[in-house]
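Participant: Now for the letters of each chain:
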Amino acid sequence: MTAALELKNVGKQFGSVIALSDVTMEVQAGTITCVLGDNGAGKSTLIKTLSGVHAPSSGEFLLEGSKISFNSPRDALARGIATVYQDLATIPLMSVWRNFFLGNEITKGWGPLSRLDVKKMKTLAKEELLRMGIDLRDTDQAIGTLSGGERQAVAIARAVYFGAKVLILDEPTSALGVRQSGIVLKYVLAAKERGVAVVFITHNPHHAFLVGDRFYLLNRGKMINDFQRETVELDELTRAMAGGAELEALTHEIQKVKLSEDESL
Amino acid sequence: MSSAIKDERVKKSTFLNKLLKRPEFGALLGAIAIFTLFSSFDTTGNFGQPGGIAGWTDIAAPIGIIAVFVALLMIGGEFDLSTGVMVGTSGLLTGMLVTELGLDIWSSIALVLVFALLVGFVNGWLVVKTGLPSFIVTLATFFVLRGANLAVTKEITGTVRVANTDEAPNFEQAEAIFASKIEILGSNFQITLFWWIALTLLATWVLTRTKFGNWIFASGGDANAARNAGVPVARTKIILFMMTSGAAALVGIMLVLRLKGMQAGQGVGMEFFYIIAAVVGGTLLTGGKGSAIGASIGAAVMGMAYIGIPFALWNSDWLFTFLGAILFIAVLINSFVGRTSTKGGKK
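Those protein sequence lines, which keep their order, are chains A and B. Residue 185 in the working numbering is what sits at position 185 of the first sequence, and the numbering runs on without skipping anything. If you want the working numbering, it's the position in the second sequence, counting the first as 1, plus 1000.
If you're looking for bench data, these hints aren't it; they were derived computationally from the structure. The C-beta atom is built at its ideal place from N, Cα and C for all residues, glycine as well. Mixed in with the good hints, there may be bad ones.
As the list claims (entries may be wrong) - So, partial list: chain B residues that the calculated Cβ filter (under 10 Å) puts toward chain A: (1) G1102; (2) N1214; (3) A1229; (4) L1284.
Said to hold, decoys possible - DSBU-like mimics (lysine-lysine), calculated; alpha carbons at most 35 Å apart, straight line: (5) A/K126 x A/K48; (6) B/K1021 x A/K126; (7) B/K1154 x A/K48; (8) A/K119 x B/K1018; (9) A/K67 x B/K1211; (10) A/K186 x B/K1021; (11) A/K126 x A/K108; (12) B/K1154 x B/K1260; (13) B/K1018 x A/K108; (14) A/K126 x B/K1211; (15) B/K1021 x A/K119; (16) A/K119 x B/K1211; (17) B/K1211 x A/K120; (18) B/K1211 x A/K165; (19) A/K108 x B/K1211; (20) B/K1129 x A/K67; (21) B/K1211 x A/K48.
So that you can see chain B by itself, here it is in the shape it has in the complex (with noise of 0.2 Å):
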């Protein structure tokens, strides 16, 4: 430890040492496996196809939206369990809003947007507030919305649905933002794709480039030494909580533009998706370390099993314990990968 010169002792890192290195690097694999996978099986010969592609990205865009700031929200350390009927409640919100108050279009969904970020800072505040874990917090939140979609919707609609919302005015340029499809060789892609690809660039460049990136690596590491460095832990997890909540909100949004109304158990059962898309990108369960990107090839990967199940004929019935064992040998991965590649102790 004493020579001044650096070179000798680092070996250049080569550029697959350090893609091993990356915490979505086994998701990757994953995802290249998955990919060949079902291309062999297919049976309609569609899959690797642009109309396939297409298929499977419009069921992963949705998902990944929103597991892209569960990353973020996970890497701070904390969980959102109330993402999944966040969906459902913005979505029965915008449609109500329009068809009983009449608003129009642009805004009901500003207020949905503030609404869902009133949600997410009462999530972080009692999480911070409380030092109950995140899971309870959430947990109860889920419920309380889940009873409350049903029982708002029933009492307001005399239904278990809102429908009719392109009755509201400027409903078409909404329409074209948040749910049109654009055609590229050929086949029409949802507009959700680019919206996903935007987001997970965001949502990347925030996390590595950015003060409040490092915060949020440093929350989920280690609250107190980032509290006795000086960082606003409490606000970081606050903000992280408002941000996955608008995630899902917006994904609420652009379904029910998309479907023109939409039930009031939409969204529940959900919000595992979203984790699972995280774990499987390399987001450790402990928080303090992982990546965007990984999950949205996390999502991407659940996308193509949702398609390529039925493609190769199978059982589609198979499906979720066909997610369950792609999480588990991802984890696997993961750790394995994440133990050879940082040499050393830990503590």
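Chain A extracted, bound-state conformation (with noise of 0.2 Å):
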């Protein structure tokens, strides 16, 4: 099975500094393929040179087989990859509906006369929204009065609507209580089953695990490892991710320091 996306040694440097080096990725459509990394890890440059900000500076982009390269991130949009940014999803200010057709405006009439279609626009943001499980109350209603799970659950449903292929999300859960975080989850695994290939960058393993079928690491630029959802368990992807030695050493330390506080008591 071809890939929806796939990345083959792909580098991105700025200047001197190497953000990312050699990393191989692929993602499957209707999976959920998860990023793993600390601060620091490269997390925020992938995301940028999978969605069309950034291009990388050595490697090879393919999208459904096919090579390709973008120019900017309503290029990457136009070829199916959506990002739903972590803060930068919704303006709070705007109804739901709105929101919901930013960017891809359904209208009527001709030339000057061109306006919006807002009975239309408000019926097929309601019923999207229901169909990913989202059942508002009113989508007249400002987003900015919706839980921030709800607003990222949005987001992810209008990246669906707008026929996204690869929907790339940004730490979507790392602002959320357990509550909301779960919320996001369960649209996470909603856009999954409607055919999506799901790339969740995050540095919550119990997230990740949670919900995905295939998890990258990376760590200082570089794919560390890379797990089968069939062959790994969460501790494992726990360790892998902290650097395992690194975090033992890290125990050991601790514990001395606590040792010698309890003696000198």
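Mind docking these for me? Both chains are given alone in their own frames, and the hints should help you get the complex.
Facilitator: Now the structure itself:
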């Protein structure tokens, strides 16, 4: 099966700084591929490379088997790669339906008389959100009045509705509580069920493990590990992500500090 | 959140509730209060009559025409401080094209509008490209134009004013469209009033019912999120600057046709009237929210104060103090209404 999205030995340099090197990964349609990494691992650069903000310095980028390059995020969006950014997904003061159709407004009438088909957009937004399992009271309310999880969910539903083949989620659960994270993860699964190739970028192995089919570990700009769902346990994932040995060393150090504190008491 | 039946969770919004949610509600309330105030203190018995209304709408219309577009620009997240001086620049330029180059009035008007759109484009382009606050960029434009108005006028005419613009070919045609009077109920209303109403309706339609209007709200609400959704934020903002500058030029043209000449200092200081009208009308200073009708109501309030204070035989020297107080009260009401009508956290 041809991967929806494939990176082959992709690298990105900013002057003398190597942000990504030799990154190879593939993302299948109808699956959730998690990219795990700690702060500074290169997650942001990877997202920006995937979504067309940065052009890769080296390597190949394949969309459904054919080699491509993007000039802008708009370009990537037109090819079916949608990105939902953590805080920059929706506009708080605008209504839900306006947010849903922002940049893809449905109009009626011709030429200078071309105007928004408000009724149609309201109906469609409501229906489509319901199809994703998001049941809103009123699509006329400002999206800022929704909870953080609901807002992410609307952004995901929007990307799916507008035909995203690849959906990139930038830390969708990082600013949320447990319950809200659960809501978002539910919609991430809903997107998968609808055949979208989801790239879930996060530093939280617990959330990744709940929904992921495949896990890539990113550290210092390199893919250091790659697990399949069937062959990995949460413990292993967490340890690998924190850099295994490093975490053990840290544990020892902390214990030593505690011991010496106990002795001095 | 599981029921599929919607109606049980949404109370049917009452008319009053809907009205409360509108951004221009505070301004409407204020306008009614101020109308009532000046009507009751009116010593001429004329304030609420057609003659009086013709008087204060004559003041309000030129303010309103520009304020409406300033409001759109502010909803789009930017400021323009060069609007007032642009009124002067375009009037002077029209006059000089007619008197110095001997152009006919229509070509002069067309050239001035093109010039104004160009100034707006430069404003917008500089803001978008440099990333500097529009407050600074247009403040610079304001001073550049202010100096040029005086220097160029003096250089060319030898005085500080342009006169005799009515000698231009076809002057009467243009005057009929931009600077005539229309009699209604025995009173002469300036044609600017009808331009003002038409442009308010047009701007409202653009803002709330077109794709471009959606982009205005989005650009001002959160430019980054808008860009991520595929909205051409830079283009939207540049067009808004051009529209604002164009509206200022239109008022300048109306003024030079009406006065048949113009002073070099015309319009300076008026830029804040437009901003105040927009803010009184419920436009958020930080962008993302507001209305064109609100800005027009704000302009009407100013017109009423201008005429109402002398009609009440109060000292007109206090006009600005009065307007300052109104601005403060209106913003206070707006933020209070805004808070109670859209319950729930913003972030």
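Participant: Now tell me, hint by hint, if it's right for this structure.
Facilitator: Hints, verified against the model:
{"no.": "1", "hint": "G1102", "in the structure": "35 Å, violated"}
{"no.": "2", "hint": "N1214", "in the structure": "6 Å, holds"}
{"no.": "3", "hint": "A1229", "in the structure": "4 Å, holds"}
{"no.": "4", "hint": "L1284", "in the structure": "8 Å, holds"}
{"no.": "5", "hint": "A/K126 x A/K48", "in the structure": "31 Å, holds"}
{"no.": "6", "hint": "B/K1021 x A/K126", "in the structure": "21 Å, holds"}
{"no.": "7", "hint": "B/K1154 x A/K48", "in the structure": "56 Å, violated"}
{"no.": "8", "hint": "A/K119 x B/K1018", "in the structure": "17 Å, holds"}
{"no.": "9", "hint": "A/K67 x B/K1211", "in the structure": "34 Å, holds"}
{"no.": "10", "hint": "A/K186 x B/K1021", "in the structure": "33 Å, holds"}
{"no.": "11", "hint": "A/K126 x A/K108", "in the structure": "19 Å, holds"}
{"no.": "12", "hint": "B/K1154 x B/K1260", "in the structure": "18 Å, holds"}
{"no.": "13", "hint": "B/K1018 x A/K108", "in the structure": "26 Å, holds"}
{"no.": "14", "hint": "A/K126 x B/K1211", "in the structure": "20 Å, holds"}
{"no.": "15", "hint": "B/K1021 x A/K119", "in the structure": "20 Å, holds"}
{"no.": "16", "hint": "A/K119 x B/K1211", "in the structure": "14 Å, holds"}
{"no.": "17", "hint": "B/K1211 x A/K120", "in the structure": "14 Å, holds"}
{"no.": "18", "hint": "B/K1211 x A/K165", "in the structure": "25 Å, holds"}
{"no.": "19", "hint": "A/K108 x B/K1211", "in the structure": "11 Å, holds"}
{"no.": "20", "hint": "B/K1129 x A/K67", "in the structure": "33 Å, holds"}
{"no.": "21", "hint": "B/K1211 x A/K48", "in the structure": "28 Å, holds"}
Consistency with the previously given hints fails for numbers 1 and 7, ordered from lowest to highest.
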